[in-house]
Each structure stands twice: as C-alpha cells, then as structure tokens.
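Engineer: The residues making up each chain are set out below.
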Amino acid sequence: MVEPHDDRLRRALAPLPRERTMLLPALLAVQRELRFLPLWAIEQVGRHVRVPKSEVYGVATHFPLLRLEEPGETVVKVCTGVSCRVNGAGKLLAELQAALGVELGGTAADGSVTLEETACAFLCSVAPVVEIEGCGCGRATVERVLALIRERTAEERNGEAVA
Amino acid sequence: MSTVQNRYADLQVRAGRAEGIRFVVGAGGCGLAVGAGDVVGALRQTVARQGVAAVVVEGGCNGMCYAAVLVSVLAPGRPTITYGGVTPESAADLVAAAAAGRIASGAAVASAPIDGVPTAAEHPFLAGQARILSELWGLVDPGDLFDAIRHGTYLALAQVLGGMAPEAVIATVKQAGLIGRGGASFPAAIKWEGARNQPNAPKYLLVNFEEGEPGVYKDRHLVEGDPHRLVEGMVIAAYAIGAERAVVFVNGEAELAAERLQHALAQAQREGLVGQNVLGSGFSVDVEVRRGAGGYILGEETALMNAVEGFRSQPRLRPPFPVEFGLWGKPTAINNVETLANVPAILANGPEWFAAVGTARATGTKLIGISGNIARPGLVEIPMGTTLRRLIYDIGGGVAGGRELKAIVIGGPSGNLVPPSLLDVPMEPGAQVIPGTGGHIVLDDRQSALDVVRTLAKFNAQESCGKCTPCREGMPRMLAVLDRLAAGQADASDLDELRELAEIVQAASLCGLGQMGALPIQSSLRHFAGEFGGRVMGDR
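From first to last, the protein sequence lines stand for chains H and P.
Numbered according to this note's numbering, the first sequence terminates at residue 994, and the numbering increases by one at each position without gaps.
Numbered according to this note's numbering, the second sequence terminates at residue 541, and the numbering increases by one at each position without gaps.
Excised from the complex, chain H in its bound form:
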C-alpha cells in the first residue's frame, strides 16, 4: 500500500532540480514509482518544485496519461483508432471485455486488470494492437492477449515472492 511520506516518493523527487520547469518530470517520476498520483503526492510535488498545489492539480488533471486513481495490477489498453478499427478492434474489444469480465474503463473486482481504450498505440502497421502495461501486442488476437496478461500477472506475483 502507498502511504503518505513514502520514501519512494522522496527518492523519486530528490534528483530533480527544485524549479517549475521540472513539474511534469516530477509528476512522471512519482507516477512511475506509485503507479498513480494520490492527492498527498501532488502536494509534495508542489512543495518540491515550488508551485501551488492547485496548479499542480491543474497540470495533473490536464495530461491524459497521468492518473489520479490507482489502476489494477495490469493495465490493458485496446487501440480503437481508425487503423485498428478497420482491422477488427471492435470485435477484439468486445471479446476481451467478455473474457476478462471487465467493462471498458473498469477494473476487475480482484484488482488484477484495468481495461481501457486508446485512440492510437502508434503501431498502426501491425494492427489491431493491444498494449499490456505499455508493451505492444500487434496483430492481436484475444488468445494472445489473454496469454500475455497471464504471463505478466505470473511475473508480478513471482517478483513479489522473491522480494
């Protein structure tokens, strides 16, 4: 669990100069550590780069990749841009929703998977594309995507067991 005054947050911010120009790099560094930006972290980022927390909040809510809520363990993004749509993304999305039992934009009850759509994964030449925690899966089929999600979940669990 993430707690206020987390050491990880301090470590993430420490290398960054305490200037306003570092606001976006600071938010990205914190999100890389915590997977999202809780309000207390937004306040600490503001203190670090000397920007009022209201303005930090404004920036944090402006950029689509910054998250204010904690996502599931594995974020799956289905590309529904034009190239993927005309290559079967709609059907793939429906199949994934059914197989995972998660609505678009939702997280599985056990917190394992969050399912989202993206306007482009920028891998249009191997459409349709699904991103699993930022790793692209091209010429995607529902079977391959599910296998990759299982692989990633297993790795995460093993990683935790070792740690």
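Certain hints may be false.
Unchecked claim - With a Cα cut of at most 30 angstroms, we get these calculated DSBU-like pairs of lysine-lysine:
| hint | chain 1 | residue 1 | chain 2 | residue 2 |
| --- | --- | --- | --- | --- |
| 1 | P | K468 | H | K908 |
| 2 | H | K922 | H | K908 |
| 3 | P | K331 | P | K468 |
| 4 | H | K884 | P | K331 |
| 5 | H | K922 | P | K175 |
| 6 | P | K459 | H | K908 |
| 7 | P | K175 | P | K331 |
| 8 | P | K468 | H | K884 |
To be verified - Label pairs and their calculated CB-CB ranges:
| hint | chain 1 | residue 1 | chain 2 | residue 2 | range |
| --- | --- | --- | --- | --- | --- |
| 9 | H | P902 | P | P114 | 47 to 57 angstroms |
| 10 | H | P902 | P | D11 | 45 to 55 angstroms |
| 11 | P | Q270 | H | S885 | 15 to 25 angstroms |
| 12 | P | S106 | H | L870 | 54 to 64 angstroms |
None of these hints come from the bench; they were simulated from the model.
In this text, a Cβ means the ideal position worked out from N, Cα and C, and glycines have one as well.
Fit chain P to the known structure of chain H by using the hints.
Structural biologist: Same frame as chain H, now just chain P:
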C-alpha cells in the same frame, strides 16, 4: 586537417570495420509487438550453440512492417539479405545458412543480385522509395555509436564544425529548400535565421518529438532505427542557431524511441559529439530529453513550450512567435524530428543533390506510415510529389484482399478523407492532396466514412484543451450532430448546422487543433455526401 577533423578521424579509426556475421533483427516497436524479442533470443542461443562467429543486433525496422519479424544478415564480402516472417523456429536455419554462405527460405530482398532474390530496385515495396532518412534502418545498430560512425554518421557534423560558419549552414539548408515535416511546412532555414538574428540570448532549440497524432508513427520509426542521425541533425541545427541548450521532447508513450535516443545521446556525449566543446571546436550544446504525458495538443509548438516551462499544455497567442519570444521568453527554434534528420544528408551531399529529389516547391522526401486496409502496411520514404496511386498500389500493394478502395485518411483527426478520384494528383504541401504529417490510412469499400469521421471527431472533442470557445464548444457540438446522423435521427437542418459549425471552428479557433479539426468532416461532406445525406433521406 583541422582539430575537429582529426578528432573525427580518430573516432573512425576506433570504429574500425565490422567483422564476422551480423544478424540485425527488426526490433522496433512494430517488430517487438509481433515477436522480435523471441527471435533475438532464439538467434543468440543458436549462435552460441553452433559456435558461429556472429553478433545479434537489436535493430530498427526497415519499414517493411508487413513482413515482420525481419532479420537482415550482413556478412563481409556477401550481399546483405533481409528475411521476412522470421520466427524463433526458423532462426536456427537462418544461422546455419549464414554460416554456410547459402540463402535460407524467406529471403525478401538483397543488397545486390544473388540467386534470384530481388534487389531493392526490383522489390515492389522499395522500388518507388527514395531512402535518405531510412537508408540505415534495419542495418545499423541503434545502440552503438561506432557502428553509426562506420556508416558515416557525424561526418557532416565534423565538416560543419571544422570550417563552416553558422550563416553558411543556414544558407546551405535554405538553398536545399528544406521545409518543416511536422505539418506546417515552414522553411527550416528561415526559422533558424530568425532565431539566430535575435539580439536576445540565450537561444534554444526545441525538438518536437511529441508525435501524438493517431495514425502517425514515422518519427518513432526513425529514432528507433537510427537515433544518431537525429542527434547529428540537432547538434548542427543548434550550431546554426547559436543555441547553447537543446530540449528534445519525446512522446510519453514512445518508450523504446526515448530509450534509444537517451542511450545515443549518452554515447555521443562521452565521445565529445554533444556537450562541451564538441569535437574540440569550441562550440557547446547541452541536450536534455523531456517526456510528455499524452494529449494531442502537446504537439502544438506553443503548448509544448508551456509544458516544458511547467504549465498545462495550452497554446499561446502568436505573435510573438517562438523565434522571438519562445522558451522562457528567449529566441527558440522548434523543429520536428524528421526535419532535423534531413540536415546531415543536406550538408554531406550538398543542397543541389537534395533539391533534385522531390518537386520544385517541396524538395526531398517524406516519411509516411501506411496502414488500415492495405496489403503491405509499413513505413515508407517517398519523394515529395509522389501520387497516392504509386504509394498505395505500387508500394503498398493495394487494398488488402483485393477489395475496392473507398478513401484514404491523410493526417488523421487534422486531415482529410481523400476519394479515389484524386489518386493521380502529386502529393506536396499546398497541393490538392497534401502528404500531411505522415500517416495514411486506407479504407476499403466495407468501411463507413461517417463512422471514421465520428471516430476522429470524438478524438478532437476529447483532446480540445478548452482554452478557446470555438474549439471547446464546437467540437462536442459537431460530434453530437454526427451521433444523430449515425443513429438515423438527423434531419436536413442538421447537415446545415454541421457545415456552419465546421466553418466557425476552422475560422475562429486559436490553434491548429481547432483550425484543422473540422477538415475530416468538411472533406467527407464534400466527397462522401451520399453517406451523410443518405441517412437523412432514409428517415423521411
């Protein structure tokens, strides 16, 4: 020879010659998404097990994404052969074949005639291209500065720093006619000159690698495949402008390109090609990589400056223009990745050579991603002035499955739906068919223009930053009309409203997102009116 040229010659000596066999795997974003990582692993295992003197390189994609996973086999004294459709299973035979000097199955193209494998000049996908920026993709090791130097990278930089005044660099690029590749087509040298001539200092170079337009992935391909070409172009540009600091702003999701670029910069810095006193010339430039966090508006140059300064990425009013009042109020030249990547070749080969490619109005080449319902999706580099017919049919192999062509979406949410009647118009900026930012999506006869336009309008409505009213209010209103049309609930007055809204949004929006955001709607109302009107009529 000058100090600079001596320093470069030292680097060339250290680079030496490539020895042994090199397997360069097309491990760009596209290749990795279809199993290139497993192919790298299988090749390395086999090389170790068979005891072959060979290295396995994680390279970029040469643009033939349709044939991924690609592997190029480079062996001294033999033509380079590029294989398509390689799997971990077929990797073993590839190694055995290379060791025995024979050709394995799946050979797609060869660098010289050998046993009936087509050469680039004979290969339908490659024959129509003019590969300047892409010449090393899939051949060079993007992770090794010395491999780049073996291929001649940084030679132009050494020539420039060894004896060319910044004004002469600007004059050369001006004579070459290089125009910006980020969409606005502004002459690069005029921008540099503007920043250089400002009395204000310091000056900055801001490299726009935000590339957030759906359907456009050309800058990613370029940097994943040959990052040192961009670094070299950046340093030359900074020298021409007189910039002591450069910021490269990389899209927040372009992870692989950002990693390869950062690695390339660190190597270049270590060898004195970036940073203090470049190649002993006395010229210094610090380069910093910044990352984005999504949002199409971020690619708008003034919004990008706001993000760098620590604000929301919303556009600024122009004038003042960035060359006068840019980052932190200082003169700033903002260039697209592809624009800067052209610079080394212009200086190495001369402006006449460059101007001979393309058309009189638009010189050089354009990188274009071709995707959608196309037989050979990939990333191509074509001379400016190429027709859509040549691009889509000759190079791209036509519509997938031999179906009929409905339209080509050029430039995504800020672009046009182009009908087949315009297939033979040469593409260049300012013409009836423009190359746009570099993403063409082919639609076959099963696709609905209305559905595509709705997808693009939904994107624009989501991405509008909210700063100016016409875009913030107009985009959702246009989407609502399109929704009514799609649901069959529209009447004739809706089409009038759509036309009127589109005109207002185009004329009155502050930045390009709004000004160009109505283009897909306007172009499809012009060319595919039947689809829109048909829904209305059917309801009566």
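Engineer: Each of the hints needs a verdict: does it hold here or not?
Structural biologist: Comparing the hints with the structure gives:
{"no.": "1", "hint": "P/K468 - H/K908", "in the structure": "holds, 28 angstroms"}
{"no.": "2", "hint": "H/K922 - H/K908", "in the structure": "holds, 14 angstroms"}
{"no.": "3", "hint": "P/K331 - P/K468", "in the structure": "holds, 24 angstroms"}
{"no.": "4", "hint": "H/K884 - P/K331", "in the structure": "holds, 27 angstroms"}
{"no.": "5", "hint": "H/K922 - P/K175", "in the structure": "violated, 50 angstroms"}
{"no.": "6", "hint": "P/K459 - H/K908", "in the structure": "holds, 18 angstroms"}
{"no.": "7", "hint": "P/K175 - P/K331", "in the structure": "holds, 23 angstroms"}
{"no.": "8", "hint": "P/K468 - H/K884", "in the structure": "holds, 21 angstroms"}
{"no.": "9", "hint": "H/P902 - P/P114: 47 to 57 angstroms", "in the structure": "holds, 54 angstroms"}
{"no.": "10", "hint": "H/P902 - P/D11: 45 to 55 angstroms", "in the structure": "holds, 50 angstroms"}
{"no.": "11", "hint": "P/Q270 - H/S885: 15 to 25 angstroms", "in the structure": "violated, 38 angstroms"}
{"no.": "12", "hint": "P/S106 - H/L870: 54 to 64 angstroms", "in the structure": "holds, 59 angstroms"}
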